[in-house]
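Peer 1: Protein sequence lines correspond, in order, to chains B and U. Residues in the first sequence are numbered from 1 upward in steps of one, following the numbering used here. Residues in the second sequence are numbered from 1 upward in steps of one, following the numbering used here.
Rather than coming from a laboratory, the hints here were simulated on the basis of the structure. Glycine residues also receive a C-beta, built at the ideal position from the N, C-alpha and C atoms. Please note that the accuracy of each hint is not assured.
[Said to hold, decoys possible] Away from chain B, derived, C-beta distances all over 12 Å, residues of chain U:
no., residue
1, L15
2, E18
3, P24
4, V26
5, R27
6, A30
7, A37
8, T38
9, S40
10, A48
11, A50
12, D65
13, P67
14, P78
[To be verified] Incomplete in silico selection of chain U near chain B, CB under 7 Å:
no., residue
15, A7
16, W8
17, L41
18, A56
19, Q59
20, H66
21, P79
22, G82
23, G83
Read off the chains here:
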Amino acid sequence: MARILVQEALFDMAAESAALTAGRIDVGGVASFLGVCRGDDGLSALVLEHYPGMTERALARIAAEAEVRWPLTGCTVIHRMGRILPGEPIVLVLTASAHRAAALEACAFLIDWLKTKAPFWKREEFADGDARWVAAKDEDDAAAARWQAKGG
Amino acid sequence: MRVLYFAWLRQKIGLAEEEVAPPPEVRDVAGLRDWLATRSLGHAAAFADAKQVRAAVNQDFATPDHPVAAGDEIAFFPPVTGG
Chain B
1 MARILVQEAL FDMAAESAAL TAGRIDVGGV ASFLGVCRGD DGLSALVLEH YPGMTERALA
61 RIAAEAEVRW PLTGCTVIHR MGRILPGEPI VLVLTASAHR AAALEACAFL IDWLKTKAPF
121 WKREEFADGD ARWVAAKDED DAAAARWQAK GG
Chain U
1 MRVLYFAWLR QKIGLAEEEV APPPEVRDVA GLRDWLATRS LGHAAAFADA KQVRAAVNQD
61 FATPDHPVAA GDEIAFFPPV TGG
């Protein structure tokens, strides 16, 4: 059962990672992806909007799919919402397994699917007062699609 | 039925949600979208480019031909950009 959180607050990556190995001796590796807010082109903040209820449901479904495809001993997905400043973390994906291949592949799968299958929207705010919604990227669809072919 | 709007659809329409009672000929997501587009200039602007609009029915992603019924929660939004 994955740990899924959608929150405004910052998270503690080290504590989340430690929780996946605490009290167990069957974990051979923990893979992680930490998405961080870049400050490109004078960006002053990212504002993350989401669909409460559907978001948690979508993330749980994506995590359940990862647990079907790979033998995970644990899985954590934490996605922030609200105002995020350059340099701050946006999203954390952790996957634990007996062996590294499963942990690494499941981690990549989770972030690729999350980007195209979870209802979040980013708005960029700039120092000059300008603001714009981020457009979806074809390369994100392509990254998600490469996992479709692998059964499931 | 309850209709929710997110991101720039919400901004263009000026509402995060509304309760609507479409006529009986509105049977699917595409029909609802076209009917909603007639409600105000903001609605028309939000739905002007149908290719940029995605939908969910009862919190699951839904295609334009997905049926809609009284009591459903329908959401319209742009392609997602999380992560």
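Peer 1: Indicate, hint by hint, whether the structure satisfies it.
Peer 2: Evaluation of the provided hints:
{"no.": "1", "hint": "L15", "verdict": "holds (14 Å)"}
{"no.": "2", "hint": "E18", "verdict": "holds (16 Å)"}
{"no.": "3", "hint": "P24", "verdict": "holds (27 Å)"}
{"no.": "4", "hint": "V26", "verdict": "holds (22 Å)"}
{"no.": "5", "hint": "R27", "verdict": "holds (22 Å)"}
{"no.": "6", "hint": "A30", "verdict": "holds (20 Å)"}
{"no.": "7", "hint": "A37", "verdict": "holds (20 Å)"}
{"no.": "8", "hint": "T38", "verdict": "holds (24 Å)"}
{"no.": "9", "hint": "S40", "verdict": "holds (20 Å)"}
{"no.": "10", "hint": "A48", "verdict": "holds (15 Å)"}
{"no.": "11", "hint": "A50", "verdict": "holds (15 Å)"}
{"no.": "12", "hint": "D65", "verdict": "holds (20 Å)"}
{"no.": "13", "hint": "P67", "verdict": "holds (18 Å)"}
{"no.": "14", "hint": "P78", "verdict": "violated (6 Å)"}
{"no.": "15", "hint": "A7", "verdict": "holds (4 Å)"}
{"no.": "16", "hint": "W8", "verdict": "holds (5 Å)"}
{"no.": "17", "hint": "L41", "verdict": "violated (20 Å)"}
{"no.": "18", "hint": "A56", "verdict": "holds (6 Å)"}
{"no.": "19", "hint": "Q59", "verdict": "holds (4 Å)"}
{"no.": "20", "hint": "H66", "verdict": "violated (15 Å)"}
{"no.": "21", "hint": "P79", "verdict": "holds (3 Å)"}
{"no.": "22", "hint": "G82", "verdict": "holds (3 Å)"}
{"no.": "23", "hint": "G83", "verdict": "holds (4 Å)"}
Going down the numbered hints, you'll see the structure goes against 14, 17 and 20, while the others check out.
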